[in-house]
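Chains as they are written, first to last, in our numbering: chain D, 8 to 396; chain X, 30 to 108.
One should not assume that every hint holds.
[To be verified] Computed cross-link-like contacts, DSS-like style, restricted to lysine-lysine with a CA-CA straight-line distance of at most 27 Å:
no.	chain 1	residue 1	chain 2	residue 2
1	D	Lys-345	D	Lys-360
2	D	Lys-345	D	Lys-32
3	D	Lys-32	D	Lys-356
4	D	Lys-49	D	Lys-24
5	X	Lys-44	D	Lys-394
6	D	Lys-394	X	Lys-40
7	D	Lys-327	D	Lys-394
8	D	Lys-52	D	Lys-191
9	D	Lys-394	X	Lys-32
[What the hints assert, rightly or not] The following label-pair restraints were derived from C-beta to C-beta distances:
no.	chain 1	residue 1	chain 2	residue 2	range
10	X	His-66	D	Met-205	22 to 32 Å
11	X	Pro-84	D	Asp-147	44 to 54 Å
12	D	Ala-300	X	Ala-56	30 to 40 Å
13	D	Lys-394	X	His-66	15 to 25 Å
14	D	Ile-16	X	Asn-97	46 to 56 Å
15	X	Pro-84	D	Ala-300	23 to 33 Å
16	X	His-66	D	Gln-198	27 to 37 Å
17	D	Asp-147	X	Ser-51	23 to 33 Å
18	D	Asp-228	X	Ser-51	17 to 27 Å
19	X	Leu-81	D	Ala-300	26 to 36 Å
No wet-lab data here; the hints were simulated from the structure.
All C-beta atoms in this analysis are idealised placements derived from N, C-alpha and C, irrespective of residue type, glycine included.
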Amino acid sequence: MDNPATPMILAARLVAKEFAAPHAKAVDQDARFPIEAVTALKREKLLSAYVPAEFGGAGVGLTELVQIVEILARECASTAMIYAMHQIQVISIVRHAMDNPWYQNYLRELVQHQYLIASVTSEVGVGGEMRRSHCAVEVDGQRFKLVKDATTISYGAQADDLLVTARRNPDAAHSDQSLILVRKADYTLEQKGGWDTMGMRGTCSPPFLMSSVGDVAQIIDVPFGDMSAQTVVPVSHLLWGGCWMGCAAAAVNKARAFVRGQARANPGTVPPTALRLAELVSMMQSLRTSVQACLTEYETLSVADDAAVGTLTSMGYSLKMNNLKIDATQALPNIVTKALSICGILGYKNDSKFSMSRHLRDAHSAAIMVGNDRILATNANLLLVLKDD
Amino acid sequence: MSKEQIRQVLKEHGKFSADIDSLADNADLYEAGMTSHASVNVMLALEDAFDLEFPDRMLKRSVFESINAIDAAIQELTA
Ligand SMILES: Cc1cc2nc3c(=O)[nH]c(=O)nc-3n(C[C@H](O)[C@H](O)[C@H](O)COP(=O)(O)OP(=O)(O)OC[C@H]3O[C@@H](n4cnc5c(N)ncnc54)[C@H](O)[C@@H]3O)c2cc1C
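Only chain D is shown next, with the shape it has when bound in the complex:
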């Protein structure tokens, strides 16, 4: 994609090439945190890219963030996913907690110190169901206490702060949730397992038991259900979409280079693999088109006056964003597999420059991260009342 080279895009390209690419293999092999890339993201002030200029951030929009994620994902999908997950947290704060002085102050600090925020929605017993919590906030005067047994916290050990879902209070229903930011000094994490996965190994996402305290001002007023429909779900699928596009583009580019190499070896003839490449490029285009279309629509809807009660909160919209997630995450492993078949044995070998191993393993996380079956089950339920009128 021809990105206009804004300062943040240029910075992302630099981080991707100089700090993510050289370590991507080691990050994957050792399942270690991409410390070089994340340190560079902080140095370039990319962690506060979305924070409005009045608070000191770069004030970039979601479209530019998706481009940044894609640029990073072409070199290291784990780095890109970490960046995407962090931005989902920042966007949730900016969109829903900005009239809270505690959060205004926090955002200014975030710009200064480039805090990395991790997300804690998963919980033992609810698995991937983001809209249910067992744990509850316990308020005592101005202070709260919160303990959560989380199944997966990406970069939990490396994060500065955590954004956690929990029931609003110990009497609240499972679906009546709040979102709470807890600070590094105020929480402890007890690691309860490992993160030796097929792909996305650099995200370092093991289970943790989290215990935290804080000031009641840290409990965001807007119910999490509203934030989830208007922001968290669509923004996650769009930013993850950037990551999936980057991962797919990396595989396609290797296949492209491979076919060009074959063509050079045999001038004047079109190698048979070029036909497969033509199919592959069309698959890539479809993926890009569907992410782009949903992104454009979201950018319009989210700034509309009726964002809080309008289309964003409708079942029809929710179905559409869910379909983007399902389609894109099914397309991604297919694209990488096709790229692998083009490169043949050189794609299959781990020590070749055409190796598809990491891309293929990373690609399979997409359907697992919020399980596709769970999303399809939600759609099946919505379709009982949706009429497509």
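With chain D held as given, fit chain X with the ligand onto it using these hints.
Just chain X with the ligand now, with coordinates in the frame of chain D:
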């Protein structure tokens, strides 16, 4: 009258942990524990009970957030 019928539907299909009778007409149903999954069942049951169909433009959180909101939507559709 129709609010009583709405209450009855909620009681049968809303899967609430709270007691529906104690909920005020303007109480937030999502806060009372109605999930999006349960809200679909509520909508289906309301369509059946009132013999109407909610158009897609009405299928959003705010339309089903309280007994009053549901009642207003039904009034609009049966006017
Ligand atoms: C790389 C990566 C990073 C992640 N980082 C984080 C993080 O930082 N913070 C965080 O909170 N979470 C994170 N997650 C998400 C977390 O791990 C989710 O809990 C997980 O993706 C889904 O969990 P699950 O497969 O156990 O549960 P489920 O969603 O319960 O799925 C298990 C299987 O059961 C079936 N299933 C379950 N429910 C239904 C249903 N209702 N209908 C039909 N079938 C169903 C499906 O076949 C599904 O594949 C991350 C995930 C990945 C892959």
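Right, here's what the structure says about each hint:
For the given pair, Lys-345/D sits about 17 Å from Lys-360/D by alpha-carbon distance, which is consistent with the 27 Å threshold. For the hint pairing Lys-345/D with Lys-32/D, the CA-to-CA distance comes to about 22 Å; that is within 27 Å, so the pair holds. Distance check on the hinted pair: Lys-32/D and Lys-356/D sit about 14 Å apart at the alpha-carbon level, within 27 Å; holds. Taken as a hint, the Lys-49/D and Lys-24/D pair is honoured in the structure, with Cα atoms around 16 Å apart against an allowance of 27 Å.
For the hint pairing Lys-44/X with Lys-394/D, the CA-to-CA distance comes to about 24 Å; that is within 27 Å, so the pair holds. For the given pair, Lys-394/D sits about 25 Å from Lys-40/X by alpha-carbon distance, which is consistent with the 27 Å threshold. Between Lys-327/D and Lys-394/D the alpha-carbon distance is near 14 Å, which keeps this suggested pair within the 27 Å criterion. Distance check on the hinted pair: Lys-52/D and Lys-191/D sit about 20 Å apart at the alpha-carbon level, within 27 Å; holds.
Restraint check for Lys-394/D and Lys-32/X: satisfied, since their Cα atoms lie roughly 25 Å apart, inside the 27 Å limit. Here the CB-CB span from His-66/X to Met-205/D is close to 30 Å, well matched to the stated 22 to 32 Å. Between Pro-84/X and Asp-147/D the CB atoms are about 47 Å apart, so this pair conforms to the stated range of 44 to 54 Å. Range check, Ala-300/D to Ala-56/X: about 39 Å between beta-carbon atoms, so the 30 to 40 Å window is met.
For Lys-394/D paired with His-66/X, a C-beta distance near 19 Å keeps the hint of 15 to 25 Å intact. Take Ile-16/D and Asn-97/X: their Cβ atoms lie about 49 Å apart, and the range 46 to 56 Å holds. The given range of 23 to 33 Å is respected by Pro-84/X and Ala-300/D, whose C-beta atoms sit roughly 24 Å from each other. Remark: the range hint 27 to 37 Å for His-66/X to Gln-198/D is upheld by a beta-carbon distance near 33 Å.
At about 26 Å, the beta-carbon gap between Asp-147/D and Ser-51/X stays in the expected band of 23 to 33 Å. A hinted range of 17 to 27 Å for the beta carbons of Asp-228/D and Ser-51/X is consistent with their spacing of about 25 Å. At about 33 Å, the CB distance of Leu-81/X to Ala-300/D agrees with the hint of 26 to 36 Å.
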